[in-house]
Structure formats: structure tokens, C-alpha cells
Amino acid sequence: MIASERGVNNLGMQGHDKSDKRVCVGTVQEILAAGRKRTEIADRDIVVIAHRGNFYALDSFCYHAGGPLHQGDIEDMGQEACIVCPWHKYKITLGTGQGLYMAVDPFNLKKQPELKSKGVKQRTHVVTIEHGQVFVTLSSVDTKLDSDHYNCAEYRHTFNLG
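Just so we're aligned, residue 1 is where the sequence shown starts under UniProt numbering, counting upward by one.
Take the hints with a grain of salt, since some may be wrong.
Capping the alpha-carbon separation at 27 Å, the derived lysine-lysine pairs in DSS-like fashion look like this [unchecked claim]:
(1) Lys118 x Lys89
(2) Lys144 x Lys37
(3) Lys118 x Lys144
(4) Lys144 x Lys21
(5) Lys111 x Lys144
Derived DEER-like restraints, expressed as beta-carbon distance ranges [unchecked claim]:
(6) Thr143 x Met77: 21 to 31 Å
(7) Asp76 x His131: 23 to 33 Å
(8) Thr143 x Arg52: 47 to 57 Å
(9) His149 x Pro86: 13 to 23 Å
(10) Gln112 x Val141: 37 to 47 Å
(11) Asp105 x Val23: 43 to 53 Å
(12) Ala42 x Lys89: 38 to 48 Å
(13) Met77 x Leu109: 37 to 47 Å
(14) Leu32 x His149: 44 to 54 Å
No lab work stands behind these hints, which were simulated from the structure alone. Since this is a predicted model, take the numbers as computed values, not measurements. Every residue gets a Cβ at the ideal spot worked out from N, C-alpha and C, and that includes glycine.
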């Protein structure tokens, strides 16, 4: 369900530069029906995900070891929707790209595990909806993130991921 014709997600994330051009990646109906769509924008491999009426975009390869996030399951952790890397089960928030984990206190094993963040690890991108079309605007790469290492043509070519 889309609240308005101009839905927006990931705004202001990771140094978004408003002068960047947005790219149409498909229709709302197409992406809702499939649940996600993998695409390439300006030599970045991106996955666009529809989840609970919201749209998210992030780099397709996991920050940890380059796993194929576009093949990962969506799972809720606390109040956050996360994509789970199919290789090593790392959990990444769809909206912010934070790596999440359940922390255990080794000195108090009776204490319940606690949800913690490793900080922003995965590059996310701005998604806008207009006239039934889904647009993605790439975030600025001025600040390096762990996922940037795996989102390059050399990595995709070396491992035949193109």
C-alpha cells in the first residue's frame, strides 16, 4: 500500500546530493509483484525492494564478503526491516544500511540478548515514487562505506556476477 503518489524513502541518507539525477527503475506494480528488482545505475549494482508498502534501494552486494543481497530474505529485527545476506546471515537494515546483531553479555548469560548496531555498513539510495513509477537517486560516495569495496565492475567481473 502506498500512502501517496509521491512516496519517499531513504531521504537524506549517506550524503545524498540533490543535484544527482534520478533513474526510473520500473513501475510500482512491477516491483510490488516481484518484491524486488536488481538493476544497474551508473555502474552500481542496486537492488530495489518493496516491503510492507515501502520501497528501499541498496547496493546488491553485502558489505561483509560481497554476498548477493538481492537473493536474501527480509526479516524484522526489533522495529527494523532487514535483508539477510544468504552467505553468512548478516542482517542489514533496509532503510539505513546499518549492520545489526544480537549481543550477548558473556558475564551474565541470564540476560536477554540485546539488539545492537555495527553502524552504517551498506550503501542505501533514495527512492521516490511519481505517477506509478519508481525512481532511484544514488547516494553520494564522498564517505566510503564497507559495501563500496564489493560494488565495482572489477569485483563483478572477477566473480562473474555481471
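Results for each hint:
| no. | hint | verdict |
| --- | --- | --- |
| 1 | Lys118 x Lys89 | 15 Å, holds |
| 2 | Lys144 x Lys37 | 24 Å, holds |
| 3 | Lys118 x Lys144 | 15 Å, holds |
| 4 | Lys144 x Lys21 | 20 Å, holds |
| 5 | Lys111 x Lys144 | 36 Å, violated |
| 6 | Thr143 x Met77: 21 to 31 Å | 24 Å, holds |
| 7 | Asp76 x His131: 23 to 33 Å | 31 Å, holds |
| 8 | Thr143 x Arg52: 47 to 57 Å | 28 Å, violated |
| 9 | His149 x Pro86: 13 to 23 Å | 19 Å, holds |
| 10 | Gln112 x Val141: 37 to 47 Å | 38 Å, holds |
| 11 | Asp105 x Val23: 43 to 53 Å | 45 Å, holds |
| 12 | Ala42 x Lys89: 38 to 48 Å | 30 Å, violated |
| 13 | Met77 x Leu109: 37 to 47 Å | 21 Å, violated |
| 14 | Leu32 x His149: 44 to 54 Å | 32 Å, violated |
Hint compliance for this structure: hints 5, 8, 12, 13, 14 are broken, all remaining hints hold.
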